[in-house]
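Single-letter residue listing:
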Amino acid sequence: MVRLGIVTLVVLLGLCASCGDALPGQDYAGEALYTWTGRMYVEPGPGVNRGRVALSWWDVRQGGFVPLVTKDINITVTDDFPAVYTAQLFEPPPAEAFYTTEQGTRMATGLIVLYADLNEDQRYDPLDDRVIGGNSSFAIAYADGTITGDDFPLLIGQLDGGYQAAAVLDDDCPPRRNNQGMSENDRFVFTALERTRPRGRSIDLIVSADTNGFPGDVYTCPLNNR
Amino acid sequence: MNPRRATWLWWMVFVGLMGSCLMASDALAGERRFAVIVANNEGTDGDIPLLHAEKDARRLEETLLTYGDFNDEDVVVLLGRTADEILRSLSDIRQRMSAEKEAGGRVMFLLYYSGHADAQGLHVSGTLLPHEQIKSGVDRAPADMRIAIIDACRSGAMTRVKGGRPAKEFEVALTSPSREVGTVFITSSSSNEDSHESDRLGSSIFSHHLLNGLQGAADVSADGRVSLTEAYAYAYERTVVDTIQGLAVQHPTYSQEIKGRQEVLLTDLSKNNQNTGRLVVPPGGNCFIFQNESGRLLFEVGAVDNSRYLQLPSGPYWVRIRRSDHVLEGSIEVQEGRATPILPDQLRRIDYAELVRKGSVEGRPAFAIHTSAGVRSVGELVEGWGTSVGPLVEVGVDLSQVSFGVEAFFASTNGQTADLAFDRNELGLTAVAASGFDLGDLYVGLGLRAGVTRYAFDYSTTGLAPLASSWRPSFGAGLRLDWSPFARALITAGAGAVLVPLELEDRQNNVESSLRVAPSFDLMLGWYLW
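Protein chains in written order, with this note's numbering: chain A, -14 to 211; chain B, 82 to 611.
Calculated from the structure, these hints are not laboratory results. Treat the hints loosely; a few may be bogus.
[Claimed, not checked] Restraint ranges, calculated between C-beta atoms of paired labels, are given here: (1) A:51 to B:495: 33 to 41 Å; (2) B:602 to A:107: 15 to 23 Å; (3) A:69 to B:548: 30 to 38 Å; (4) A:12 to B:476: 37 to 45 Å; (5) B:504 to A:47: 36 to 44 Å; (6) B:470 to A:71: 33 to 41 Å; (7) A:69 to B:587: 14 to 22 Å; (8) B:495 to A:62: 32 to 40 Å.
Values in this document were obtained by computation on a predicted structure and should not be read as measured data. Glycine included, every Cβ here is placed at the ideal spot set by N, Cα and C.
Make the full structure from the sequences, and use the hints.
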């Protein structure tokens, strides 16, 4: 009787024991702060057949040649054609990515780029690696708080706290972009950002065979300069 | 009993004992001793066959011949006989005693019976031998000293003593004749009590202690001679103590009509008896003497017994001395004509847990309770989790074949995934079962564990990672080494594996069930509470 009682107790304990949250696996990263999807196109032509996806963070007020920081992001890609990717962000932008508006609110602006990791160090190196594609129609913006156009001249509308997608508007601002979203001089051109929801409008990534070397600078064309 | 009479009685006994010390030097000389030893394992219809009665009879024969100054031709052993056969043998031996008396010799007659009985008589091989016939046969025996020892249920009917009135000592009247004459009846139980055999003793309880006493355990005067008084007092006390603990209590009884100034001496152990030697027992603990390590119990000397020796046939014996928290055991050689002391330093010490695993020893329940505390280390169940190291406590019960216990384990550690760091608290409660064997002073066991463990994760991240906690079943198995360096102390080392079914979440927040195994190591210090 005693032996049966112990076995029964152990079985019951086992049955009752499995409850609670799932626990972190090897690559658990927490809750995604922001998720988006898109299609991935590869243009025909010579080019690298393997790339890494990153967010290249810029102070778009100033533009420039070198981003503030570029950091890989994690995506999953289906085997369909066209391939569909899903990107997730689990942390706010790196500290180096932030700049402060006139009202003192911190924000960051990221461009999605694909790059060839030529030195195979699993990170983007401006001098060694080569950008092979991306999307210049959308930016991933992050704000510590609410930002309006009064606070940030390049902004149309309002940005809320946290991550959001923003459309990059480029109207009549030389140099113009080609129809693939890349400038003739391999530039990303910012005229304005407007908050948008990519749901239903995916942020497509284009891998361009025409991209050659560093994409060039990010050119800012303020609205009031047009 | 009248207190004044009791005082007088004690004084009489004391004087009698003192007198026996002075006058017992040739007490066994000049006397021819006859014995009829009767034993029946089979009683009458309805009696469950006994196991040890006839064996006890043979042991008494050997004792009387070796130490009791009985001649071989004067001892008749009747095993499994009917009433008629027993009465015929009594008649035959009565004639031989008459012849001895007519020749001017002094005669002692001893009748011993071991077997079934009731208030009417002895149950002997399907026949009934009425108590009156036995008593008459003894009373009328042509002997100077007549002793009847009846080891049977309700044998007190022969002495017409009801249960509940303890009677230990004899009254010896210090009047002539100088040598004792008379009749003594000794029974193993009162008229309304059963007498019991013991498989542990391999004997009837009363006969075992009587024989023990005759070979020295009853020699309280330490003169090397065991008197009827000493033998009965010893057998009475040990029989009551043994039976009061579990079986229905059994009170031996006596009745006597004795005249004489001398003690009735039954055995003389002070002679240089051929092929025998003296085993001297140290104080402290009950001492048991076995045929061999796995053989039957032959003799015992109790912790509080005044006499600390036994006269035994020379040869090897296995000795076990039981003390409060350990046992000493080993082989002893009794040498002919010499006194052999048992030296505790020369015996192997067996401490608590190993003692329990040997099983029930001399009637003590075979289990021990211990508590232990120490540290446990469990390897990484998931990459990045880190090793869990923390305190472990256990409460366990050791039985003869298996040990059971309950463990509680706690660990607090930190680890990391590719993207974030976390603090992990782990609390486990498990039931344990182990079984194994003794290897010298070590116990080697195989243990199995089953229980539940609570895992709680607190993340460090600039992002969003809420607290996560989960109760998971856990299982384990491994080797266990127990060492009891002294008394009740216990040191345990264990090595094995822990198995936990986990639900793991990945970067995409997909949850996957996974069975994880990790090595575990324990080190504990413990103490036997009982």
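Now the hints, each set against the structure:
{"no.": "1", "hint": "A:51 to B:495: 33 to 41 Å", "in the structure": "36 Å, holds"}
{"no.": "2", "hint": "B:602 to A:107: 15 to 23 Å", "in the structure": "36 Å, violated"}
{"no.": "3", "hint": "A:69 to B:548: 30 to 38 Å", "in the structure": "33 Å, holds"}
{"no.": "4", "hint": "A:12 to B:476: 37 to 45 Å", "in the structure": "40 Å, holds"}
{"no.": "5", "hint": "B:504 to A:47: 36 to 44 Å", "in the structure": "41 Å, holds"}
{"no.": "6", "hint": "B:470 to A:71: 33 to 41 Å", "in the structure": "39 Å, holds"}
{"no.": "7", "hint": "A:69 to B:587: 14 to 22 Å", "in the structure": "19 Å, holds"}
{"no.": "8", "hint": "B:495 to A:62: 32 to 40 Å", "in the structure": "33 Å, holds"}
In this structure, the one hint that does not hold is number 2.
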